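Chains as they are written, first to last, in the numbering used here: chain U, 1 to 224; chain C, 225 to 813.
Note that these hints are calculated values from the structure, not bench results. Do not rely on the hints blindly, as some may be mistaken.
Which stretches of chain U does chain C cover? Using the computed rule of at least three CB atoms under 8 Å from a CB of chain C, they are [unchecked claim]: (1) 41-52; (2) 96-106.
Far from chain U, by Cβ distances over 12 Å, these chain C residues were calculated [to be verified]: (3) Met240; (4) Gln258; (5) Gln263; (6) Asp264; (7) Asn269; (8) Ala307; (9) Ala369; (10) Ala381; (11) Leu398; (12) Ala414; (13) Thr520; (14) Asp533; (15) Leu542; (16) Ser546; (17) Asp761; (18) Glu784.
Please read these numbers as outputs of a predicted model, since none were measured by experiment. Just so you know, even glycine gets a beta-carbon here, dropped at the ideal spot from N, CA and C.
Here is what each chain is made of, one letter per residue.
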Amino acid sequence: MPKRTPSNPWTKPAGKPIEGKAIPRPRRTAEVQAYLPEFLRGMAITMRHFFKNTKEMMLGQKPDPVLEALNEGVTTICYPEEKRPYPERFRGLHRLTLRDDGSPRCVACLCCSTACPAQCIHIEAGEYAEGDKRRGYERYPKTFVIDELRCIFCGFCVEACPCDAIRMDTGIHATPYDSREQFIYRKDLLMEFTGRDGSRTSANPRHEPGDPTHPGLSREQMDH
Amino acid sequence: MSAVEIVLSVVKVLIMLLFFLNMAALCTWADRRQGAMVQDRVGPNRAVVHLPNMLARGIVLLPPALFGVLAIFSSLGALAGRAAAERFTVNVQLAILVGWFSLLVLCAKVRSGGAINKAEEMFADVDPRSFFFAGLGVHALGLVAGRLVPPASMPLAAQVSGFVLGGVFLIVALYATSRVPDGPIPLRLAGTLHAIADSIKMIWKEDFIPKNADRILHGLAPMLAVFSAIAVMAVVPFGPDLCFTDGNRNGTFDFSDLGNLVATVPASGACNGFLVKMQIIDLNVGILYIFGIAGTGIIGAAIAGWASDNKFALLGGLRASSQMVSYEVAMGLSLVGLFLVYGSVRMSDMAVWQGANAWGVFVQPLGFILFLTALCAETKRVPFDQPEGESEIVAGYFLEYSGFKWGMFMTGEYIELAFSSALLVALFFGGYSLPFLHADGITIAFGDTMLFQYKMTHLAVSIISALAFFGKTIFVTWVQIFFRWTLPRFRYDQLMKLGWTKLLPLAIANMMVTGVVVLALRNAGPAADSWLKLLADITQGFVAVATLAGFVALVVGLLEPVERKKFLASSAARFAAAMGGVKPEPQQA
C-alpha cells in the first residue's frame with residue numbers, strides 16, 4: 001500500500017471547497033458612479049483639514065511635535081530652528097569627568113578600551129611622578145583618544161568604567177566635519193565637554209587616598 | 225490707432241502678463257503649501273532673506289508714518305457738508321481698524337516673543353479673539369457716535385478725527401519700530417520666497433541636452449508651451465469698458481482725454497464718448513481664438529517628447545498630445561450651449577450678458593461640469609496628469625529638460641492653471657460682474673420690485689469690477705489646486721473612456737437640449753421673459769447671500785478655539801513635556 005502523502009495545510013485540501021471570508025464587491029450605486037457627490041465630499045474633507053491646520057499655524061497653536069501620538073495636526077518640526085529634545089539617557093559624545101583639582105578621574109585601567117566593541121578608544125597609561133601619593137596606587141592617562149567615527153555609541157565604555165570617569169551625557173549629537181582627522185577626540189577636548197547640567201565633575205564623590213572618607217587602604221596604612 | 229491707444233494696449237498687456245506670471249509663481253508655492261496643510265506637514269517656509277536691521281526698521285516705520293502724515297496734512301484744509309461727514313466716518317472707522325489690528329498683532333508678538341513691560345504682559349494674558357470682538361463693538365459704537373455730532377460742528381470733527389487717525393498711525397509706526405529686534409531680520413513671507421529662489425536656481429542650472437536630441441526642436445518646445453499659455457490671455461475681459469469724454473473737443477482720443485473719465489454712466493452702460501475696453505483685444509471670434517491658440521500647446525508637448533531622444537519622453541509626449549486632442553473636442557462642444565444662450569462668441573458680450581442676466585453656471589450647469597472636467601484634462605493636472613506618471617514614465621515629455629527650459633514648462637503649466645481659472649470666471653462666473661452691481665451703482669431688484677439702490681461713480685464701479693475679476697480668478701485657482709490634493713489620478717484607459725464615451729455624448733446632448741429650450745423660450749412671449757428675469761435676479765441674490773454666508777462661516781471658523789486630545793506615548797515625549805516642550809536652543813541637539 002503506497003504511503004499517503006500528508007496534506008499540506010497551505011494548499012487546498014482535495015475535494016474540499018476553499019473556505020474564506022467573502023469580500024463584498026465595492027458599492028457601485030448610482031451616487032458613487034456619478035463621481036460628483038463623492039468628489040464634493042472629498043473636497044470638503046481636504047478643505048476642512050486645510051483651514052484647520054492653516055489657522056493653527058497662523059495662531060501659533062501648532063501642537064508640540066515632540067509630544068508624539070497626537071492624533072492630528074501639523075506635526076513637523078522646522079529642524080535647525082526647532083529641535084527635538086533628546087531623552088534623558090540619550091548617549092551623546094563622550095566626556096571625561098574631572099576631579100576637584102581639575103585632573104581627569106580616569107585611572108587608565110583600560111577597562112573601557114577593553115570593553116569597546118568598536119575598538120575606538122586608545123589609552124596610553126602613565127605613572128605618576130616619584131613622591132606623588134598616587135604613584136603605585138593608580139595611573140593616569142598620558143593620552144586618551146576616542147575615534148568618534150568608529151564609535152557605535154553603545155555605551156559599554158560608560159558601563160565598564162569603575163571610576164565614573166567617562167560619560168556620554170553631553171547631549172551633543174555627533175557633529176559633521178569635513179575631515180576624518182577632526183573626528184579624533186583627544187584628552188584635552190574630551191575634558192572640556194560638560195554634562196547637560198553644565199558640570200565637568202560627576203555626581204559621585206571621589207575619595208582620594210588619604211581622605212578620611214577613603215574606604216580602602218592607603219599607602220601609609222600598608223605594612224608591606 | 226492713435227498713440228494713446230497703443231500706450232493703453234501696452235498697459236493692458238502688462239497688467240495681464242504681470243498678473244498671470246505672478247499667479248504662476250504664487251501657484252507653485254500655493255500648490256505645495258496647500259498640500260502641506262492638507263496632509264499635516266509644514267510646507268515651504270524655509271526660503272529666507274536676512275534684511276539688514278535698518279532696512280527692516282525702515283519698512284516698519286515708513287509706510288504707516290507716511291499714512292499718518294498724509295492723514296494729518298489732508299485734514300488741515302476744512303471740508304464742508306456731506307464731504308465732511310463722509311471724511312469723519314472714514315477717519316473714525318480707519319482709526320478704529322488700525323487700533324484693534326495693531327493691538328492684535330502686538331498680542332501675537334508678545335505671546336510668542338515675550339513681554340518687555342507691564343502693559344505688554346497685560347496684553348499677553350488677553351485672548352486674541354477679544355481684540356477682534358472688541359474692535360467690532362467699537363466700530364459699531366463709532367458709527368452710532370458719529371450720528372450724535374451736530375452738523376454744524378462736522379467740519380471741525382472731520383479735522384480732529386483726521387489728526388487722531390494720523391496720531392494712531394504715527395504711534396503704531398514708532399512703537400512697532402522700537403520693537404523690531406536687533407540684528408538682521410529674517411524675512412520669510414510665509415514661504416513665497418521659494419518661488420523666487422527656485423527661479424534663480426533654474427536660471428543658473430546647467431541646460432542639459434541629450435547627445436542625440438534634436439537641438440533646435442528641443443529648444444523650441446518649451447517656448448511653444450509657454451507661448452500658447454501666454455497668448456490666450458489676450459481676449460479675456462478683466463473689467464467693464466471705461467468711458468472718456470472728449471475734453472478738448474477735437475474729435476480724437478488723445479492723452480489729454482485720459483483725465484476726462486466720465487463721472488457716472490447710466491445703468492445700460494451706454495457711453496457717448498470714447499470707449500476703452502479693459503481687454504487686450506476684443507476679437508469677434510473671441511473664445512474660438514482661445515481654442516485655436518490653446519491647441520498649439522499640444523505641439524509643444526509633442527515636440528518636447530519627440531526631440532528628447534528618450535522612450536519615456538516620447539511616450540509622455542504621445543500621452544499628452546492624445547489626451548489634449550481628445551479633450552479639446554469635448555471642451556469645445558460643452559460650450560456650444562453657452563454660445564446659444566449668450567448669442568455670441570465675443571468674450572466681452574458674454575461678460576455683459578452675465579452681468580445683466582444670470583451667471584453662466586446657473587444657465588448651463590451641465591455645460592459647466594463638462595467644461596471644468598475638460599479644462600482640468602487640458603491643463604494636464606491631477607486627476608488627469610497622465611503625461612507625467614512618476615511610476616510609469618517618470619516626468620513624461622519634459623523628462624530630458626533641465627534648468628530654465630524645464631522652468632518654462634512648469635511656468636507654462638501654472639500659467640495655464642491660472643488662465644483656465646480666468647476662463648472659467650469669464651464664461652461661467654460672471655466675468656467682472658458682481659451680483660446687483662450695475663454700471664450706475666448697486667441696484668437690488670427682483671423682477672420689477674426695487675428693494676435698494678445706491679448710486680456710485682463710474683470710476684468706483686470700474687475699480688470694484690476689475691478687482692472682482694482678479695479676486696474671482698484667484699479664488700477659482702485656489703479651488704482648482706485643491707483638486708490635486710483631493711482626487712486620485714485616473715488610469716489612461718479610464719481617461720480616454722471618460723473623454724470619448726461620457727463627456728462627448730453628454731456635451732452633444734447638452735447642446736441639443738439647450739438649443740430646443742432656447743428656441744422654445746424665444747417664442748414663448750413676454751410673460752416668460754419676465755419670469756426668466758425674476759429667476760435670473762434670484763440667482764444673483766443667491767450668489768450674494770452664499771458669498772456673504774461663506775465669508776461669515778470663514779470668520780467664525782477662524783475664531784473658533786482649537787481643541788485637541790493629547791496623550792504622551794513615549795519616554796521621549798514625557799521628557800519633552802517635563803522640559804516644557806520644544807525650545808529652539810542648540811544644546812538640545
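Here is what the structure says about each hint:
Coverage of the region 41-52 of chain U by chain C holds. Counting CB-CB distances below 8 Å, 9 residues qualify, and the rule asks for three or more. Counting residues of the region 96-106 of chain U whose CB lies closer than 8 Å to any CB of chain C gives 0, so the stated coverage by that chain is violated, three being the minimum. Remark: the non-interface label on Met240 of chain C is consistent with the geometry, its nearest Cβ contact in chain U lying 29 Å away (cut-off 12 Å). With a closest Cβ-Cβ approach of about 6 Å to chain U, Gln258 of chain C is found to fall inside the 12 Å limit, against its non-interface label.
At roughly 8 Å from the closest C-beta of chain U, the C-beta of Gln263 of chain C falls inside 12 Å, breaking its exclusion from the interface. With 12 Å as the threshold on Cβ separation, the claim that Asp264 of chain C sits away from chain U is violated: the shortest Cβ distance comes to roughly 5 Å. In this structure Asn269 of chain C is not separated from chain U by more than 12 Å, as the shortest Cβ-Cβ distance comes to only about 7 Å. Listed as a non-interface residue, Ala307 of chain C keeps its Cβ farther than 12 Å from every Cβ of chain U; the least gap is roughly 39 Å.
With a minimum CB-CB distance of about 32 Å to chain U, Ala369 of chain C clears the 12 Å threshold, and the non-interface call stands. For Ala381 of chain C, the condition that its CB be more than 12 Å from all CB atoms of chain U holds, with the nearest at approximately 37 Å. Annotated as non-interface, Leu398 of chain C keeps its C-beta farther than 12 Å from every C-beta of chain U; the closest such distance is 25 Å. Against the 12 Å criterion, Ala414 of chain C falls within the reach of chain U, whose nearest CB is about 9 Å from its own CB.
With a least CB separation of 31 Å from chain U, Thr520 of chain C remains clear of the 12 Å interface cut-off, as annotated. Against chain U, the non-interface label of Asp533 of chain C holds: every CB pair exceeds 12 Å, the least being about 39 Å. Listed as a non-interface residue, Leu542 of chain C keeps its Cβ farther than 12 Å from every Cβ of chain U; the least gap is roughly 26 Å. Look at Ser546 of chain C: its CB is around 22 Å from the nearest CB on chain U, clear of 12 Å, so calling it non-interface holds up.
Every Cβ of chain U is farther than 12 Å from the Cβ of Asp761 of chain C; the closest lies at roughly 27 Å, confirming the non-interface assignment. Non-interface status of Glu784 of chain C relative to chain U is broken: a Cβ of that chain comes within 12 Å, the nearest being about 8 Å off.
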